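Same order as they appear, the protein sequences are chains A and B. Numbering (the UniProt record's numbering) for the first sequence: 1 to 472. Numbering (the UniProt record's numbering) for the second sequence: 1 to 472.
Calculated from the structure, these hints are not laboratory results. Values in this document were obtained by computation on a predicted structure and should not be read as measured data. Yeah, the Cβ is synthetic: ideal placement off N, Cα and C, and Gly gets one too. Treat the hints with care, as some may be off.
[What the hints assert, rightly or not] Just so you have them, the derived chain A footprint on chain B, three or more residues with Cβ under 8 Å:
no., stretch
1, 105-114
2, 140-147
3, 157-168
4, 192-206
5, 245-259
6, 419-427
2 protein chains.
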Amino acid sequence: MTRLPEDLLPALHDALGEAGLITDAERMQSYLSDWRNAYRGQAAAVLRPGTTEEVAAAVRLCAQAGVALVPQGGNTGLCGGSIPDASGAQMVLSLTRLKRIREVDVANATITVEAGVILQQLQDAAAEVGRLFPLSLGAEGSCTVGGNLATNAGGTAVLRYGNMRDLALGLEVVLPDGRIWDGLRGLRKDNTGYDLKQLFIGSEGTLGIITAAVLKLFPALRSLTTAWVALPSPQAAVTLLGQMRGLCGDRLTGFELMSRKSLEFVLRHVAGASDPFAEGHPWYVLIELSDTQPDAALNDLLEQGLGEAFEQALVLDAVVAGSQAQVEALWALREGISEAQNHEGPSLKHDISVPVSRIPDFIARTDRALQQAFPGVRVVAYGHVGDGNLHYNISKPPGSDDAPFKAQAEAIMRVIYDSTLEDDGSISAEHGLGQSKRAAAQHYKAPLELELMRSIKQALDPAGLMNPGKLL
Amino acid sequence: MTRLPEDLLPALHDALGEAGLITDAERMQSYLSDWRNAYRGQAAAVLRPGTTEEVAAAVRLCAQAGVALVPQGGNTGLCGGSIPDASGAQMVLSLTRLKRIREVDVANATITVEAGVILQQLQDAAAEVGRLFPLSLGAEGSCTVGGNLATNAGGTAVLRYGNMRDLALGLEVVLPDGRIWDGLRGLRKDNTGYDLKQLFIGSEGTLGIITAAVLKLFPALRSLTTAWVALPSPQAAVTLLGQMRGLCGDRLTGFELMSRKSLEFVLRHVAGASDPFAEGHPWYVLIELSDTQPDAALNDLLEQGLGEAFEQALVLDAVVAGSQAQVEALWALREGISEAQNHEGPSLKHDISVPVSRIPDFIARTDRALQQAFPGVRVVAYGHVGDGNLHYNISKPPGSDDAPFKAQAEAIMRVIYDSTLEDDGSISAEHGLGQSKRAAAQHYKAPLELELMRSIKQALDPAGLMNPGKLL
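Bound conformation, chain A alone (with noise of 0.2 Å):
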């Protein structure tokens, strides 16, 4: 381990109490690999302010003392981001304390939380006051409101809501010198200048740390309905999408893509889990609309649109769900995807985008030259199709060998993410680059679009001690 500065680790406990440092190794285990134990590294301590002010305290100690910092939310991102590397010389900052609703302003449809509020508590915050906040994802229950930030989080509601740099209007980052910029206004208009907060979204830690956030909340939902559509391909599921959102316009909230293979695999491991039709079909959509009216004439429109889809060949078959039961139960279907997935084998996940019109031909294509150059690997590809992001993960022959599969995990990458970069796309959609993706990110990206990242990171972070080794 790297020898620290000896009065560091004094300072640190003095700005941050007892509470707020950890230093011993049994403690600090569960801040060095993430909730999948896919990465783990080594901290000289963990870091865990209460306020704004002891996250300030504390980047500027380690700043002075030029050690490296690791910002860490719920760490249930995917791409190790949140996870030290394996010097042992770095510090975790954990954001988990800094908990507090701020304010709920409803007139203004804001909220403002810290960065350690977990996204569920802030769903539940807005459904008090009557207000929808709409970003869901998987890790809603344990993914904190900065991991969300950091990482410009996506999910199910994209579609309708953006994106969580969609739904932030303000922002307060302690910078990496320490000093705290105090952007937290609650403003929808405002050209005075760069947008400064657009360069810590997204930047997964690597700029400086969010501490808190003004957020936008919408008006709640009455009504809802949900539908599972079979189809008899990805091509019809574009068309379908596009005829459905002329139709529907922003009552289209939900509209998820899966293959007959994803959900066979979920139909096979998920326990309940039964097939909504009698047969099987190529591919399936789930379809949900809602609306701010209670007695919105929701299903009249969803058959009104499938009716249409059905007399065009678009739809092979559909079912609505009539009770709160069977929407939960349709959703459980697309939910366990990934985890059925599981139960086949090691699988290697890729979570790109093209833009939607493209979605048909990118999957023939690659499906076709990873048989090609893969034999047997199995597809099992599903998404949010309305925006152009697809989950393709693959995995091994059936009755294959684990070792022989994992060995080409790298040359698999290779042939999705050549063919993502046909389309235009993006080799990471939504999970963000953390350490798992950066340096098919240096391979992939456009030299001078890295070059103007490095040039962003030099002019914030000169002394590159926030998040080293992620993203860039």
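Fit chain B to the known structure of chain A by using the hints.
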């Protein structure tokens, strides 16, 4: 005039051709002052490149020669951002020849356009494929997409669709050294590093020159209703806004506030304008609901919402437009304010925003402070109350001379901006800083925020040749 390097103009002529270079003093005139004739400058030449490559060549040649560039679109800005200084050493770079619509991708709900496309042409191109491009503002017949992006334009549809920033997915930018950054991706999710496009949007040409953009399209609206509503106070307007949003959700696409004084000026000076009500009321809002459904029961919804508000004494009177002609007549009352005010002598314009919840306090407090310091001045307050954005404009006391009033302009501005700051507001909600608000921004923005902005400017345009003297 500062002397140019001898070979620069010939080199620019070679690169841009006859159509791309204007040096004749007469022909340059229209590029050297804004449409209101409020700002006037001098230029060594006006460059009119016809393609992105020509923009790049021009920027490269000027960068090598150390000559500063002033990018210019439709020249409809209100803050002098597109007008060169008086030295005659700068060059105007007009984007108006870049007017191609490069691609319409209906399935991806995107359109790719060049910077010189007029906003109205963009709206029309969207309508031709049955889609909506929602940005809407007074200058839409002559402002350009590049200018809209460079100033993060707002307008009347921000309530539902956001500012120009929210409508852009990708950009093509010529950097200060003449290299082209191709960020023209039509992706709704892309978390592969810093979101570079955010830097250029709203930067008023000080970091690079936007040459093209991928923009979002929305479903076309097939029904619409408009109401003119009388209210006792701004507080009633804010309360009504919350109630109508809760009731109507995304159907609420317009909510404009106007004071009685604003309407009086319109009634007095705009031909054909008539008061929708027999008696005067202190405040008004213009409400617009719209829907993708052709037969949406918007009037029922409007009447339900207004009926409840009437019982709560939030609403004093209301009229719903019964025809397209009436819709236009109501909007003409709102849109006529700015012009009408000019007939009352010089008007001091302030484009501020505060949190929506603070609007009532802001108006009461600022009105009071102004009357105390400048008895008799007339406040013409109106604007996009759903965005917290007020055009808080001042006319001289009736019958008084222009000169003493104009001499008070700075002092009046201070009162209004000081008051804005008390509510954590913005001194330029949608018009940008340009030349006119640069000094005020230096005074009113936090020093740390200005320092961060300068470090970004230094990182991207170290030579300071991109629109110098604007914004920063």
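Hints, one by one, checked against the model:
1. 105-114: holds (count 6)
2. 140-147: violated (count 0)
3. 157-168: holds (count 5)
4. 192-206: Satisfied; 10 residues make the cut.
5. 245-259: Answer holds; 6 residues pass the 8 Å Cβ test.
6. 419-427: Three-residue rule met by the stretch 419-427 of chain B, so holds; n is 4.
Violation of the numbered hints given earlier is confined to hint 2; every other hint is satisfied by the structure.
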